[in-house]
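S.K.: Could you build all of it, start to finish, from the sequences and the hints given here?
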Amino acid sequence: MPRRARLSLSNVPMHIIQRGNTRQACFFADEDYRNYLDWLGEYAGKTGCRVHAYVLMTNHVHLLISAEEGGSSGALMKAVGQRYVQYVNRSYRRSGTLWEGRFRSCLTQEETYLLACQRYIELNPVRTNMAAHPAEYRWSSYRANAQGEEDALVRPHSLYASLGRDVASRQAAYRELFHYELEPGLVNEIRRATNGNYALGNERFAKEVASALGRRASPGTPGRPRLAPDPESGDSLDA
Numbered sequence: 011m012p013r014r015a016r017l018s019l020s021n022v023p024m025h026i027i028q029r030g031n032t033r034q035a036c037f038f039a040d041e042d043y044r045n046y047l048d049w050l051g052e053y054a055g056k057t058g059c060r061v062h063a064y065v066l067m068t069n070h071v072h073l074l075i076s077a078e079e080g081g082s083s084g085a086l087m088k089a090v091g092q093r094y095v096q097y098v099n100r101s102y103r104r105s106g107t108l109w110e111g112r113f114r115s116c117l118t119q120e121e122t123y124l125l126a127c128q129r130y131i132e133l134n135p136v137r138t139n140m141a142a143h144p145a146e147y148r149w150s151s152y153r154a155n156a157q158g159e160e161d162a163l164v165r166p167h168s169l170y171a172s173l174g175r176d177v178a179s180r181q182a183a184y185r186e187l188f189h190y191e192l193e194p195g196l197v198n199e200i201r202r203a204t205n206g207n208y209a210l211g212n213e214r215f216a217k218e219v220a221s222a223l224g225r226r227a228s229p230g231t232p233g234r235p236r237l238a239p240d241p242e243s244g245d246s247l248d249a
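With our numbering as the guide, the letters of the sequence shown map in order to residues 11 to 249.
Hints are computed from structural coordinates only; laboratory data are not their basis. One or more of the hints may lead you astray.
Taking lysine to any residue and the SDA-like style, the derived pairs with C-alpha atoms no more than 20 Å apart in a straight line are [what the hints assert, rightly or not]:
| id | residue 1 | residue 2 |
| --- | --- | --- |
| 1 | K56 | E79 |
| 2 | K56 | D40 |
| 3 | K56 | E110 |
| 4 | K88 | L47 |
| 5 | K88 | D48 |
| 6 | K88 | G51 |
| 7 | K88 | A145 |
| 8 | K88 | E110 |
| 9 | K217 | T122 |
| 10 | K88 | R112 |
| 11 | K88 | T122 |
| 12 | K217 | L19 |
Remember, it's a predicted structure, so these values are computed and weren't measured experimentally.
M.R.: Written out as structure tokens, the structure is:
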């Protein structure tokens with residue numbers, strides 16, 4: 011059964027997960043994280059993508075981006091992925107693939123899901139017990155979004171900018187969001203949409219995406235006959 015085409019629209023935020031092959035590590039030293047982020051920034055500029063949030067975990071990457079053109083997200087991930095694999099293979103004298111293959115993604119409704127998705131991304135180290143608080147983890151956008159730490163990669167979304175009149179008030183409002191854990195149902199919803207290549211949002215948003223792209227943007231009706239399982243629909247074990 012052929013894969014469903016990726017949902018991608020210009021200037022609509024997209025949550026992306028890129029995993030290491032068979033969930034193996036893809037970052038091994040501080041220099042690896044720094045190089046990936048440098049190249050991510052370089053190719054984001056070249057492909058017309060804006061990075062709103064990110065976290066680099068040991069064996070996978072989460073990004074929240076907006077692209078000027080629908081196909082730019084794929085161009086970004088291909089360019090940075092290939093550059094990083096070449097670097098890892100050369101540095102560690104290895105060969106073969108590093109990434110799982112096709113990255114997983116979902117278009118994200120701005121007004122109700124974008125900030126929740128940012129929290130989901132930046133709370134990843136906390137959910138996996140790698141940090142007690144997101145500020146303790148170096149390889150994420152939390153310090154830039156919540157504490158104003160300089161990070162040339164991060165381009166805040168307009169919804170983030172609407173949190174306050176000035177930089178200090180926006181950061182304070184953003185930090186306040188992290189006083190509360192994400193509801194388990196919302197976490198599962200984000201995972202399901204990302205792994206299944208569905209629209210992350212309400213029914214109206216899913217219909218708008220489907221209309222714009224001319225194809226389904228939400229899971230099929232329960233009980234509907236299927237010829238084969240969708241290879242993109244399984245729940246992720248990642249945080």
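S.K.: If a hint holds in the structure, say so; if it does not, say that too.
M.R.: We went through each hint and held it up to the structure:
1. K56 x E79: holds, 12 Å
2. K56 x D40: violated, 25 Å
3. K56 x E110: Not satisfied, since the Cα-Cα distance of roughly 24 Å exceeds 20 Å.
4. K88 x L47: Holds: K88 and L47 sit about 14 Å apart, inside 20 Å.
5. K88 x D48: holds, 15 Å
6. K88 x G51: holds, 14 Å
7. K88 x A145: violated, 29 Å
8. K88 x E110: holds, 13 Å
9. K217 x T122: holds, 16 Å
10. K88 x R112: holds, 10 Å
11. K88 x T122: At roughly 29 Å apart (the allowed maximum being 20 Å), T122 and K88 break the hint.
12. K217 x L19: holds, 14 Å
Violated hints, in rising order: 2, 3, 7, 11; the structure is consistent with all others.
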